[in-house]
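All chains should be built: construct the whole structure from the sequences, respecting the hints.
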Amino acid sequence: MLAVHGVTKRYGEREALRGVSFQAGAGEMVAVIGPNGAGKTTLLSILAGVQPPTAGDVSLPPGGVGWVPQQPALYSRLSVAENLELFARLERAGGRLGPSPPGAHPGPVEAVAAMLEQTGLQERAGERVERLSGGNRQRVNIAIGLLSEPTVLVLDEPSSSLDPRQRERLWRFICALSQRGRCVVFSTHNVAEAERYAQRLVVLADGELLFNGSPDEFARAATRESSSHPGFEGAFVEFLRERGH
Amino acid sequence: MRWMLKKDLLILARSRVLVAVLVLYPVAVALLIGLAISRAPSKPKVAIVNLAPSSATVELGGTRLNVAHYYSQLLGQVQPVPAATRAEAVQAVKSGKALAAIVIPANIASRLSSVISQAHVEVIYNGNALEQSFVHSTIESSLARANLELSNEIRRVAAQVIGALVRGGNLGVAGAPQNLPGLGEIPHILRGIIARHPHESDRAQLERLAEFTEFAAQNLGLSRKVLSTVSQPIQIDATNLQGGRTPLDAYAVVVAVSISLMFVCVLLAAGGIALEREEHTLARLVRSSPNPSAASSSTASGRGGAALITREALIAQKLLLAGGCALVVAFAMLAGIGAFVGLEWGRVGLWLAALALGGLAFAALGVAIGALAREVRAASLLSFLLSLPLAFLALVPAGAVASGLYDAIRAISFVFPYKATLEALDAAVNRSSPGLAISLVHLLGLTALFAALARLGLRRLD
Numbered sequence: 008m009l010a011v012h013g014v015t016k017r018y019g020e021r022e023a024l025r026g027v028s029f030q031a032g033a034g035e036m037v038a039v040i041g042p043n044g045a046g047k048t049t050l051l052s053i054l055a056g057v058q059p060p061t062a063g064d065v066s067l068p069p070g071g072v073g074w075v076p077q078q079p080a081l082y083s084r085l086s087v088a089e090n091l092e093l094f095a096r097l098e099r100a101g102g103r104l105g106p107s108p109p110g111a112h113p114g115p116v117e118a119v120a121a122m123l124e125q126t127g128l129q130e131r132a133g134e135r136v137e138r139l140s141g142g143n144r145q146r147v148n149i150a151i152g153l154l155s156e157p158t159v160l161v162l163d164e165p166s167s168s169l170d171p172r173q174r175e176r177l178w179r180f181i182c183a184l185s186q187r188g189r190c191v192v193f194s195t196h197n198v199a200e201a202e203r204y205a206q207r208l209v210v211l212a213d214g215e216l217l218f219n220g221s222p223d224e225f226a227r228a229a230t231r232e233s234s235s236h237p238g239f240e241g242a243f244v245e246f247l248r249e250r251g252h
Numbered sequence: 084m085r086w087m088l089k090k091d092l093l094i095l096a097r098s099r100v101l102v103a104v105l106v107l108y109p110v111a112v113a114l115l116i117g118l119a120i121s122r123a124p125s126k127p128k129v130a131i132v133n134l135a136p137s138s139a140t141v142e143l144g145g146t147r148l149n150v151a152h153y154y155s156q157l158l159g160q161v162q163p164v165p166a167a168t169r170a171e172a173v174q175a176v177k178s179g180k181a182l183a184a185i186v187i188p189a190n191i192a193s194r195l196s197s198v199i200s201q202a203h204v205e206v207i208y209n210g211n212a213l214e215q216s217f218v219h220s221t222i223e224s225s226l227a228r229a230n231l232e233l234s235n236e237i238r239r240v241a242a243q244v245i246g247a248l249v250r251g252g253n254l255g256v257a258g259a260p261q262n263l264p265g266l267g268e269i270p271h272i273l274r275g276i277i278a279r280h281p282h283e284s285d286r287a288q289l290e291r292l293a294e295f296t297e298f299a300a301q302n303l304g305l306s307r308k309v310l311s312t313v314s315q316p317i318q319i320d321a322t323n324l325q326g327g328r329t330p331l332d333a334y335a336v337v338v339a340v341s342i343s344l345m346f347v348c349v350l351l352a353a354g355g356i357a358l359e360r361e362e363h364t365l366a367r368l369v370r371s372s373p374n375p376s377a378a379s380s381s382t383a384s385g386r387g388g389a390a391l392i393t394r395e396a397l398i399a400q401k402l403l404l405a406g407g408c409a410l411v412v413a414f415a416m417l418a419g420i421g422a423f424v425g426l427e428w429g430r431v432g433l434w435l436a437a438l439a440l441g442g443l444a445f446a447a448l449g450v451a452i453g454a455l456a457r458e459v460r461a462a463s464l465l466s467f468l469l470s471l472p473l474a475f476l477a478l479v480p481a482g483a484v485a486s487g488l489y490d491a492i493r494a495i496s497f498v499f500p501y502k503a504t505l506e507a508l509d510a511a512v513n514r515s516s517p518g519l520a521i522s523l524v525h526l527l528g529l530t531a532l533f534a535a536l537a538r539l540g541l542r543r544l545d
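As they're listed, the protein sequences go chains A and B. First residue of the first sequence? That's 8 in our numbering, and the numbers climb one at a time after it. First residue of the second sequence? That's 84 in our numbering, and the numbers climb one at a time after it.
If you're looking for bench data, these hints aren't it; they were derived computationally from the structure. A virtual CB, placed ideally from N, CA and C, is assigned to each residue, including glycine. The reader is advised that the hints may include incorrect statements.
[Said to hold, decoys possible] One-sided excerpt, in silico: chain A residues whose CB lies under 7 Å from chain B:
(1) G56
(2) V57
(3) P76
(4) R84
(5) S86
(6) L93
(7) A183
(8) L184
(9) R187
[Unchecked claim] Every beta carbon over 10 Å from chain A, so not counted as near; a handful from chain B, in silico:
(10) A103
(11) S155
(12) Q156
(13) H203
(14) G251
(15) P270
(16) I276
(17) R286
(18) E362
(19) A366
(20) F414
(21) G421
(22) F423
(23) L469
(24) V479
Have a look at this one:
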């Protein structure tokens, strides 16, 4: 179980997050949504261990967190396989990837092969990342986040730079990960994506948690306050406006 | 760390243009600077009009000095542009064919021979301030040498005459009587005469003459030394306090190699660390995450998971990469130049120590620069903007600028690795002062300082 308790983050005088709490179980997909500057990336980077919270804590299940930053964090002059192998070896050297006896975590070579297969990038394995499309780069980016076989996968706006077809393929891939028991936490500006793929919505604005529940609960809460029926995205905008954001 | 090193070497191998620029640019800059330092400045073009007849001689005390001798000395200091008349010389200067003109008058020999009046040489200048300064100092030094040689000749002739006056004999001066008595003999002669002429009045007069000639003979004997002192009041007795003086060409080698070392190290280290930011991999590498082997959950406030690579290890890896590559380039350069300039190969271990620690200090500076920059281009630009002027500052000699400014330059040079590397390499290659150990300790201190600054810079991950 992923549990976030009263997480606060301050940058000097500015409070980027104020006492945010939520929980997510195995196989659950959590969408963190909110307007620009809401604190989505800050929250995800705290979950991923990129930065510590000023106050509060994060409880993680055994197995650790896989981190997929918004911008693909890859070496563009290395090939897909070389990138995967490098990070697999670093994961192993860091103790996150164990040796490869049967039934245990795979070694670097096996992990690379497994990731290439999972992401459907076998044919592009030898190609340099700088020559890949945005969608394929994002797949490699996610594959690196999955190398250590984490129980929680944190993705920061994974579909933001992709065309609709690439987005569709990417979400199919992420949903499959969730169905295999991973807890997936992602941020997005695309409210429709959040409604469609997430089982839990965490709505942030100005560092404050405004909502934590299922998309259906959110739709009911938002439309209850609205006189019209503007659809999910319209309800979201109305929901924020009602709360002064 | 070795996987990160392997990765960086693979990326370098695939960036051939970058590698070529990284190696060729500093080598080219270093060679240019080395050449500029080791070569004496070229001789200025000067139009020379010699109006004195080629057979003109200066006669001093019966010795004839040929004016052509001094004229040829002057020609050796400049690139002469032939001119027959003053007008031609002025035209040559105006047109830019010559930076200056020297007009040697027809009466120079007679003026010099007269001894009582100075001879004049006309110098005509043109060009900008820098050119004027250059040609002015060249001509001044040439004329000073000619003046010194002439005054030495005059002193020699005067000493000969004085010697003859004291000793007697032939003065060697035209028209002077032969076989004259010397001043030194006269008191003895006078005292003989006094003894043979007992008249009181004559005796007193002759006694006075004898005393005077005795006094004059003694003091004229001293005047030879006085003349030497007057003709060259200050003479140089050179003493080097520590070690031997480094020959200019050997020093130029050290300057060239240390500049290459600096560029390769600073650019590689700054680019290497900035690349991690540019590719957004820095956060992925250094984030800490729970270890899967942990039995239970962990909290953000007490995470036990290790980063893929710690910031300290990342800095150390970039230091090794940049320092190692630069060591290879700089040593190859030193060895290559060593084939043409006499270097002591027996001290090769010390060369390597100086290059290695200099490389580490430069790499630490590069990592600190790279930690500030968000992208490789900005890091490279910053590296150039910072290191090039610092290298030139370190080459400013004491006394070339005002003392306050020189103190500031020394302080700046002290906290950047160029001067310490130059001194270490100079000590290792040329046995110059201060000792190698002091410079190596200085470089270690600077490495620690810049690595600490880089660590601070890497706190920011975006």
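Here's how the hints hold up against the structure:
The beta carbon of G56 (chain A) is positioned within 7 Å of a beta carbon in chain B (closest approach about 5 Å), and the interface hint is therefore held. Checking V57 (chain A) against chain B: minimum C-beta separation of about 4 Å stays under 7 Å; hint holds. With a least beta-carbon distance of about 6 Å to chain B, the hint placing P76 (chain A) at the interface is held under the 7 Å criterion. Proximity of R84 (chain A) to chain B holds as hinted, the smallest CB-CB distance being about 5 Å (cut-off 7 Å).
A cut of 7 Å between beta carbons decides the hint on S86 (chain A): the least distance to chain B is about 10 Å, and the hint is violated. Here the hint on L93 (chain A) is kept, as its CB sits about 5 Å from the closest CB of chain B, short of 7 Å. Checking A183 (chain A) against chain B by beta carbon gives a least distance of about 21 Å; that is not within 7 Å, so the hint is violated. Because the closest C-beta pair between L184 (chain A) and chain B is about 17 Å apart, greater than 7 Å, the hint is violated.
The beta carbon of R187 (chain A) is not positioned within 7 Å of any beta carbon in chain B (closest approach about 16 Å), and the interface hint is therefore violated. Non-interface call for A103 (chain B) relative to chain A: holds, since the shortest CB-CB distance, roughly 16 Å, exceeds 10 Å. No Cβ of chain A approaches the Cβ of S155 (chain B) within 10 Å, the least distance being about 65 Å, so the stated non-interface status holds. The beta carbon of Q156 (chain B) is kept farther than 10 Å from every beta carbon of chain A, the shortest such distance being approximately 64 Å.
At roughly 73 Å from the closest C-beta of chain A, the C-beta of H203 (chain B) stays outside 10 Å, upholding its exclusion from the interface. Separation of G251 (chain B) from chain A is adequate, the least Cβ-Cβ distance of about 97 Å exceeding the 10 Å criterion. The claim that P270 (chain B) lies off the interface holds: its Cβ sits roughly 102 Å from the closest Cβ of chain A, which is beyond the 10 Å cut-off. At roughly 111 Å, the least C-beta separation between I276 (chain B) and chain A is larger than 10 Å, which holds for a residue marked as non-interface.
Distance check for R286 (chain B) against chain A: the nearest CB is about 112 Å away, which clears 10 Å, and the non-interface claim stands. At the 10 Å boundary, the C-beta of E362 (chain B) falls inside the reach of chain A, the nearest C-beta of that chain being 6 Å off. For A366 (chain B), the shortest C-beta to C-beta distance to chain A comes to about 5 Å, within the 10 Å cut-off, and the non-interface label is violated. Consistency note on F414 (chain B): stated as away from chain A, and its beta-carbon is indeed over 10 Å from all of that chain's, at 27 Å minimum.
Annotated as non-interface, G421 (chain B) keeps its C-beta farther than 10 Å from every C-beta of chain A; the closest such distance is 35 Å. Listed as outside the interface, F423 (chain B) is consistent with that label: its C-beta sits roughly 38 Å from the nearest C-beta of chain A, beyond the 10 Å cut-off. For L469 (chain B), the requirement that its beta carbon stay farther than 10 Å from each beta carbon of chain A is met, with the minimum near 26 Å. With a cut of 10 Å on Cβ distances, V479 (chain B) stays outside the contact zone with chain A, its closest approach being about 41 Å.
In this structure, the earlier hints numbered 5, 7, 8, 9, 18 and 19 are contradicted, and the remaining ones agree with it.
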